[in-house]
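2 protein chains.
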Amino acid sequence: MNLDKHTRALVDHLSAAADLDSAAAVLHWDQQTYMPPGGVPARAEALATLSGLSHGITASDETARLLDAAGDPEAGSDAEAVVRVARRNHERATKLPSGLVAETSRATALAEPAWRRARADRDFGSLVPHLQKILGLQREAAQHLGYEAHPYDALLDRYEPGATKARLESMFADLKRGTADMVRAVSAARDERTAPLRGAFDEARQETFGKAIASAFGYDWGRGRQDRAPHPFCINFGGPGDVRMTTRFDPDRLSPALFATLHEAGHALYEQGVDPAYNRTPLAGGVSLGIHESQSRLWENVVGRSRSFWSHFYPRLQDAFPEAFGGTSAGDFYRAINAAAPSEIRVEADELTYNLHVVLRFELEVALVEGSLDVPDLPDAWNAKMEEHLGISPTDDARGVLQDDHWAIGFFGYFPTYTLGNVLSVQLFEAALEAHPEIPAEMQRGEFGALLAWLRENVHRHGKKHDPEALIEQATGRPPDTAPYLRYLREKFGELYDL
Amino acid sequence: MNLDKHTRALVDHLSAAADLDSAAAVLHWDQQTYMPPGGVPARAEALATLSGLSHGITASDETARLLDAAGDPEAGSDAEAVVRVARRNHERATKLPSGLVAETSRATALAEPAWRRARADRDFGSLVPHLQKILGLQREAAQHLGYEAHPYDALLDRYEPGATKARLESMFADLKRGTADMVRAVSAARDERTAPLRGAFDEARQETFGKAIASAFGYDWGRGRQDRAPHPFCINFGGPGDVRMTTRFDPDRLSPALFATLHEAGHALYEQGVDPAYNRTPLAGGVSLGIHESQSRLWENVVGRSRSFWSHFYPRLQDAFPEAFGGTSAGDFYRAINAAAPSEIRVEADELTYNLHVVLRFELEVALVEGSLDVPDLPDAWNAKMEEHLGISPTDDARGVLQDDHWAIGFFGYFPTYTLGNVLSVQLFEAALEAHPEIPAEMQRGEFGALLAWLRENVHRHGKKHDPEALIEQATGRPPDTAPYLRYLREKFGELYDL
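First to last, the sequence lines map onto chains A and B. Just remember that the working numbering sits 1 ahead of the position in the first sequence, which is counted from 1. Just remember that the working numbering sits 1 ahead of the position in the second sequence, which is counted from 1.
Hint data in this document are derived by calculation from the structure and do not stem from the laboratory. Check before you lean on any hint, since a few could be wrong.
Anything over 10 Å on all C-beta distances counts as not near chain A; from chain B, calculated [unchecked claim]:
1. Leu4
2. Arg118
3. Asp158
4. Phe449
Listed next, the stretches of chain B that the computed footprint assigns to chain A, with coverage defined by at least 3 CB atoms under 8 Å from CB atoms of chain A [to be verified]:
5. 16-29
6. 33-42
7. 227-240
8. 466-472
Even for Gly, the Cβ is constructed at its ideal location relative to N, Cα and C.
Bound-form chain A, shown alone (with noise of 0.2 Å):
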């Protein structure tokens, strides 16, 4: 980066809370991967010690005073950019009073055995004390960070900085809309469409098919690794040199392993492809969990989950399990992997109904932090959306309003960017068709150097120089826009489903 000695001076000061964090992820990641249960107290406070430490320097008036100094560099360069992310990392920093963060860090570690007691237990009613003192810090805390139009705003724009709740509104309304007529149409018959996922399958195996897919991807495996974890996530420790991902096997189906790695790789494509340049600056790492999530979907369900993919790897997925797959056709296979069906669980959902679980849950959160909705009152509140949205009543809660921790540990703002995702996947994918309309039959011969090289230079490399709008018009030439990812749905199930 070519930086003036004041935007220089800024981002030396802060290179040490960079380095913080990164140590921060290595002891997160090993958390989830292999430390023994002895660990707990000792890593607890390690990363207390950790996070306090890198909050501090953000937050202190050293940080202001060469934010003071560095002023308003030229628009457009990446000194300007660096000191427009290092001033909203410091406003958030000092506008939440250090009482108020420790609180919420205390409530969401007790709350999130709390939530998986109670979900065990189908026992909604003992985590409403947790999630009521969860959701009023919460509500302090948007009052703190501040907003415009409404609180749920200053809590979005942590994960996405720029959306807002009306527009996401319209987002949801426009999908709404425009998959109304397919979700109805489609429906009985998951199941029995399905059958061919379910079988005995390897870990061994599964592990080996799904790290060569993630390799010709194009992830590097000298820079990262896949472990296994109870929840897969994807993590990088200081920039593009160490970008892990974790995977969890189940023996008995095939799709959870292979999906959430191919989920991952995409998350850690992004990671990896990151400007060297910005290691140890506020703008290294991917802008928006929005775009992050454009990012593993892409990889995840426009890629792995189409024909032409398939077509090249299908015939390997035989010869690794010839027992599963030795008497399923190319087509069944690709109509089992999309079988669409409103069903109960978020993360198992097919593409076509997977947004109206988000829908759900942000008018849900919406009205909690606004206040129309009372904790206690939730899983009423959660079935009769379920009914209103796919038409189904979960089997109890724990299947229901209990099967995600997000909101227990604090996440309130966090599942809309699951859904700008999907449709910023779709957006981004029609832009590099457009510049590599050799991309469907390089991935017919499982190839995808022409894709990956678009959104390297497209999306990757630019870490979080540009905020995430401003990306995508960029990248795609326009402003995020559902029109791509209505088309593809109605395409892709319009065919599977002879609509």
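Go by the hints and put chain B onto chain A.
What follows is chain B alone, placed relative to chain A:
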């Protein structure tokens, strides 16, 4: 711990440094077990920042102020020990400029992978600039730390408070004199005696067998784990709750991984046995490398190469590897694992010749530190010392000067603690036997409860409360003494070789 309010304030202030150190330990562990090659540069930066911040807290004016306020607590109290250790750490830290600390951390983080490559390529030349850089930083550190007689004393004191070059020279002279006739007498027949240890050893079965012994010793897997690394080590993260071991397996030879596991288990038992009340205080962890090594050597050699131990475990080893050991008697196996002869590799040396490897390294590092030997001349000097002390020449640098990573990671003054550990292991074992004459009978049943309980009570639980010499005197009734160790060697190898 029962601390007055001043000492409590000191401990609270220093707890952040303890957390930073424990985070750094996780990063080191990861670097040597799972980190992909691309992670090297960012990891070096993160470690430099963590050690710089930790050093800053230890060296801070606030620490000085709190030390003054704590004054001189009652002799023998926890408070007195906290203040003594914290004061030593503070003095050491204020003597070293933080730039030197950070530069050392960065230089060693880069040199460690360089050492791995150099060893693999048998290319000492590629390591020379790294070693020159690190040696320069070590010599600078010695000047800052200060010393009475020799700059080497300043480096040594970091690992073994109170030890000096002069006293080590006298210890090494005792050992050389006391074993020279035996070293001359053994020699040629080692390969023949060790023949039963060569064969085909399935890695998974090696791992299972080694873990079973660690379990029998009393290693708690709920507070630790074992992973693979190029160099076996033990490391703990913020107290006795997470104490990990690593090892490496050779498919053709049983001994390296087996005895490395017993050795690292000895270190780990020590760390797992420290009083958890010392967590996040200056008293956490083993007191010195010499005492640490006394624990690893005790379990590896005094226990793990004894007849009593194998009278229980040899039949089990035969069950695990029937092809390899079906036709080997217990006596031949005992002679094989204790076969003695001058050899190239320190970590594979027998008990009788091991200390000669240490003398050699001690003499070379003293020469490097005082400037009478230059880094590029190290391979020739190494080979000459091998001739002098062991009467052999290394096959190549990988089996010579490049075999250990200590110098590449800045551990000058570390090697002598291995011999100190050998000496103390027998002194402690004799004291345990005196208190619990039933120990050999327990060992013959594969039980180690009395031995572990004695070590827990007299060594482990104290952490850093007592300085090494005081600890040994309190545990054994005498200061450190080579006599028990020499008696042990003469008796054991006299019998083994009819001397």
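Hints and how they fare:
1. Leu4: 18 Å, holds
2. Arg118: The claim holds: B:Arg118 sits with its nearest Cβ about 14 Å from chain A, beyond 10 Å.
3. Asp158: With a cut-off of 10 Å, B:Asp158 remains clear of chain A, as the shortest Cβ separation is near 28 Å.
4. Phe449: Answer for B:Phe449: holds, closest chain A Cβ roughly 20 Å.
5. 16-29: holds (count 9)
6. 33-42: holds (count 8)
7. 227-240: holds (count 4)
8. 466-472: Contact hint for the stretch 466-472 of chain B vs chain A: violated, 0 residues under 8 Å.
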